[in-house]
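Engineer: If you want the building blocks of each chain, they are given just below.
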Amino acid sequence: MKTIKTYVVALISALLVLSPVAYADKWSDQFPHIKATGDIPGECSYDAMSKKNYKGKTLKINTHAVPVMGEPTALHAEQFAKLTGAKVDVTHTPAGDLYAKAMVPFQAGQAPYDIVFGFSNFINDWKRYLEPVPKKYVEMKQMQDVTPSHIGIASWDGVMYQFPVDGDRHYLKYRKDVIDNPEYQKKYKADTGKELRVPQTWKEYGEMAAYFNGWDWDGDGEKEYGSAEVMKKDDLMYAAFYSRSAAYSKNPKTPGGFFFDLKTMKPLINNPGFVEALTDWVAATKYVPPGGINFGLGDEIGSFGGGQTLFSFSWDDAFVAAMQPDSPINNKVGAAQLPGAMKVWNRSTNSWDEGFNQAPFFVWGWAVGVAKKSKEKEMAFDYLCFFANEANHQADIGIGRFGVNPFRNDDFKADVWTQIGWDKDIAQSYVDTLAQMEDSKNRVFPLRVPGTFEFNAALATAAAKALAGQLSPQAALDEAAKQWEDILNRVGKDNVRAAYSVGVAMEDNKL
Amino acid sequence: MNFKHKYVFLFPGLFVLIGILIFPIIFTIRLSLSGWNSYTPEMNFIGITNYIRLFTDDPRFWESFFRLSFLSVTTVILQYIIGFALALIVWREIKFKRFFRVIFLIPMMTTPVIMTVIWRTFFHESLGPVNDLLGNLGVEPILWLSDPVIAKFTVIIVEVWQWTPFMFLLLLAGLLSLPKEPFLAAAIDGASPFRKFVYVTFPLMAPISIGAIIIRLIEASKIMDTVFVLTSGGPGTATETSSFYIYIKGLREFQMGYAATLSFTYLVIMIISLTIIAKVLTKLMIKE
Numbered sequence: 000m001k002t003i004k005t006y007v008v009a010l011i012s013a014l015l016v017l018s019p020v021a022y023a024d025k026w027s028d029q030f031p032h033i034k035a036t037g038d039i040p041g042e043c044s045y046d047a048m049s050k051k052n053y054k055g056k057t058l059k060i061n062t063h064a065v066p067v068m069g070e071p072t073a074l075h076a077e078q079f080a081k082l083t084g085a086k087v088d089v090t091h092t093p094a095g096d097l098y099a100k101a102m103v104p105f106q107a108g109q110a111p112y113d114i115v116f117g118f119s120n121f122i123n124d125w126k127r128y129l130e131p132v133p134k135k136y137v138e139m140k141q142m143q144d145v146t147p148s149h150i151g152i153a154s155w156d157g158v159m160y161q162f163p164v165d166g167d168r169h170y171l172k173y174r175k176d177v178i179d180n181p182e183y184q185k186k187y188k189a190d191t192g193k194e195l196r197v198p199q200t201w202k203e204y205g206e207m208a209a210y211f212n213g214w215d216w217d218g219d220g221e222k223e224y225g226s227a228e229v230m231k232k233d234d235l236m237y238a239a240f241y242s243r244s245a246a247y248s249k250n251p252k253t254p255g256g257f258f259f260d261l262k263t264m265k266p267l268i269n270n271p272g273f274v275e276a277l278t279d280w281v282a283a284t285k286y287v288p289p290g291g292i293n294f295g296l297g298d299e300i301g302s303f304g305g306g307q308t309l310f311s312f313s314w315d316d317a318f319v320a321a322m323q324p325d326s327p328i329n330n331k332v333g334a335a336q337l338p339g340a341m342k343v344w345n346r347s348t349n350s351w352d353e354g355f356n357q358a359p360f361f362v363w364g365w366a367v368g369v370a371k372k373s374k375e376k377e378m379a380f381d382y383l384c385f386f387a388n389e390a391n392h393q394a395d396i397g398i399g400r401f402g403v404n405p406f407r408n409d410d411f412k413a414d415v416w417t418q419i420g421w422d423k424d425i426a427q428s429y430v431d432t433l434a435q436m437e438d439s440k441n442r443v444f445p446l447r448v449p450g451t452f453e454f455n456a457a458l459a460t461a462a463a464k465a466l467a468g469q470l471s472p473q474a475a476l477d478e479a480a481k482q483w484e485d486i487l488n489r490v491g492k493d494n495v496r497a498a499y500s501v502g503v504a505m506e507d508n509k510l
Numbered sequence: 000m001n002f003k004h005k006y007v008f009l010f011p012g013l014f015v016l017i018g019i020l021i022f023p024i025i026f027t028i029r030l031s032l033s034g035w036n037s038y039t040p041e042m043n044f045i046g047i048t049n050y051i052r053l054f055t056d057d058p059r060f061w062e063s064f065f066r067l068s069f070l071s072v073t074t075v076i077l078q079y080i081i082g083f084a085l086a087l088i089v090w091r092e093i094k095f096k097r098f099f100r101v102i103f104l105i106p107m108m109t110t111p112v113i114m115t116v117i118w119r120t121f122f123h124e125s126l127g128p129v130n131d132l133l134g135n136l137g138v139e140p141i142l143w144l145s146d147p148v149i150a151k152f153t154v155i156i157v158e159v160w161q162w163t164p165f166m167f168l169l170l171l172a173g174l175l176s177l178p179k180e181p182f183l184a185a186a187i188d189g190a191s192p193f194r195k196f197v198y199v200t201f202p203l204m205a206p207i208s209i210g211a212i213i214i215r216l217i218e219a220s221k222i223m224d225t226v227f228v229l230t231s232g233g234p235g236t237a238t239e240t241s242s243f244y245i246y247i248k249g250l251r252e253f254q255m256g257y258a259a260t261l262s263f264t265y266l267v268i269m270i271i272s273l274t275i276i277a278k279v280l281t282k283l284m285i286k287e
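From first to last, the protein sequence lines are chains A and B.
Quick note on numbering: numbering that gives the first Met the number 0 labels position 37 of the first sequence as 36, and the sequence is numbered without any gaps.
Quick note on numbering: numbering that gives the first Met the number 0 labels position 194 of the second sequence as 193, and the sequence is numbered without any gaps.
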């Protein structure tokens, strides 16, 4: 009996020592942020960082405003300072100014910040001012776990310029307690003759959203609405439009460009596929909450996360916020791929190809790099490596307001999410959705060319005019296409083509 | 005594003037003749290409300029009327005069961006208290920020609320400095309060009114923070003003050269139009 007891104790002790998960250690005592996992061994773990000595040195970081990305930046800066003795100055900047705040000193040959946060689609404009990620970080274990899509997003022509700290894609979020509710399924069938299910197409999405718009379907005494979407001009709305357009315009039979025809560099954004998407979107203004046409990302997260709408689609943040324990719709939401379409525009035949088509949009996300002119490059890369170490990453992805989303293969395991309180089937549907997007062969990647801001702003302005009823969808997109031609002429077609070909190669599964 | 030495004393002032006024204008003009942007970060020379683009191929700038004209003229007229009315009220001997003077000034003392965030929360169509209150009275939600026409009036409401106190302050100072004799003469002649206002107060206040209106027009024509926070120029481009558009081109899209062209053109237009407005107001309001 004593021998059995000894074996059991020995076995438990061995498991505790060897298991990488969930036990308190000296680091989690000091840093409660990682209390769920403790420190996880690795090149940039808490333990490894504590052996570095940056006393007397200062690291300067420009990041986003609190909380999205700004809060984890500041938190990890404080931890890094405690571990290494460095002084870390963090500056918080609104999203719209991140580009210019780095670009002005970059162009003036200065480096007021060692580390600059921005969006992954800045890469083409920023790469000449950023230090490539050194080989030792690229080859380390924690980097090997990053998905190929996100390695591609952080790199240009095989050189990694942005240190992966976040992974982004757009997908559908829906109220599971409504869509899976047998009573509502029966009622919907009786009223419309159609099935109530996770919408497979944007048309279905629109029909269901319109049906569940403007009445109290969850019994909380308040009216609910069909959909919350990012429709506010200059507040990332162009990304929402690309998400809606992908199913109608990304035809796997016509490789060679989604935004432009790579051969001719003719803008494709006013073809019938995009026009159909914008027509759907104009119709969506009827089933968003009052004022929904002015919703930015924060409003969208608050609206869906607060239980106000049936559907939403954008980054992970609204979904993770909805799944936090204090959310009114905790464990009542589901994730699925973006809806598809029953036809897709074929630019070769100049006609619609009938049949189901779906195309995930790997929208840009948070990205961060080290300034080439920085005098503290080693410390800067160590900070970024520490930011994204396994313990920090696992803690960060469970906090919706942090804006840190899955980009590692390990994140696509349901257990990671059930450990923080998600229902098993919801966790499974979430990771399945993300994994399916990774596996898709008909993906759309963000536009990453010189003048990206100009292209996206022109499109956003035109789409906003259509949403506000100032122009028809066709007229709005014709206006945007004309502006894209002008921008092409200013930037130079060959410059844009050279950069765009990298994204097209990723979309055409050649990279 | 060598009088040439007196010019030495002008140098400090001259240097400051060159540093803060002349140099930025000359630099802006030079920048406007360049194609500086995110992909060509250099002060190259492209002649008047940017100006040709502005005058032949940028209707959005001109739309935003006419929108700005509408917004600034409307807000300043409303501020003048309300500010004058409030100044007349506290000019008289009323109870709690000092208290009201301070109360009327509070909006101007608050930080515009923070107050606009609060107004945006008030006017939030689905979560804000204004529509909630109207809903209790049976009124359907009003699209304060997402209807192209109503959004303009929402911007006007916020601007009028924020800056009427400034007009009030100037006009009250004017009223307090008026001579008493014309009012005594009008009282002896038995003039009614209305006639006293029309024939005595208003004409005497005309020079101050013109100054106040011009100062407010200059400020209102730079309207940026309210639009930026409240509507971001939306819905569509319904509330986009010139300064916000220049900001977008310069600091969002990083078209520095083109933004400089817009800025310089805007400066010239404003100098000309405000000079004309001042002359017209003087002709209309000051009778010899």
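The set of hints was computed from the structure by calculation and includes no laboratory data.
These numbers come from a predicted model, not from an experiment.
Ideal Cβ positions, reconstructed from N, Cα and C, are used throughout, including at glycine.
Treat the hints with care, since some could be wrong.
What the hints assert, rightly or not - Sample of chain A residues at the chain B side, in silico, Cβ under 7 Å:
1) Pro131
2) Pro133
3) Ala189
4) Lys232
5) Ala282
6) Lys285
7) Pro289
8) Ser347
9) Glu453
As the list claims (entries may be wrong) - Below, simulated DSS-like cross-link-like pairs (lysine-lysine); rule was C-alpha separation at most 25 Å, straight line:
10) B:Lys151 <-> A:Lys100
11) A:Lys285 <-> B:Lys151
12) A:Lys440 <-> A:Lys100
Engineer: With reference to the structure, classify each hint as holding or not holding.
Structural biologist: Hint-by-hint comparison with the structure:
no. : hint                  : verdict
1   : Pro131                : 20 Å, violated
2   : Pro133                : 26 Å, violated
3   : Ala189                : 29 Å, violated
4   : Lys232                : 5 Å, holds
5   : Ala282                : 16 Å, violated
6   : Lys285                : 12 Å, violated
7   : Pro289                : 4 Å, holds
8   : Ser347                : 31 Å, violated
9   : Glu453                : 5 Å, holds
10  : B:Lys151 <-> A:Lys100 : 30 Å, violated
11  : A:Lys285 <-> B:Lys151 : 21 Å, holds
12  : A:Lys440 <-> A:Lys100 : 37 Å, violated
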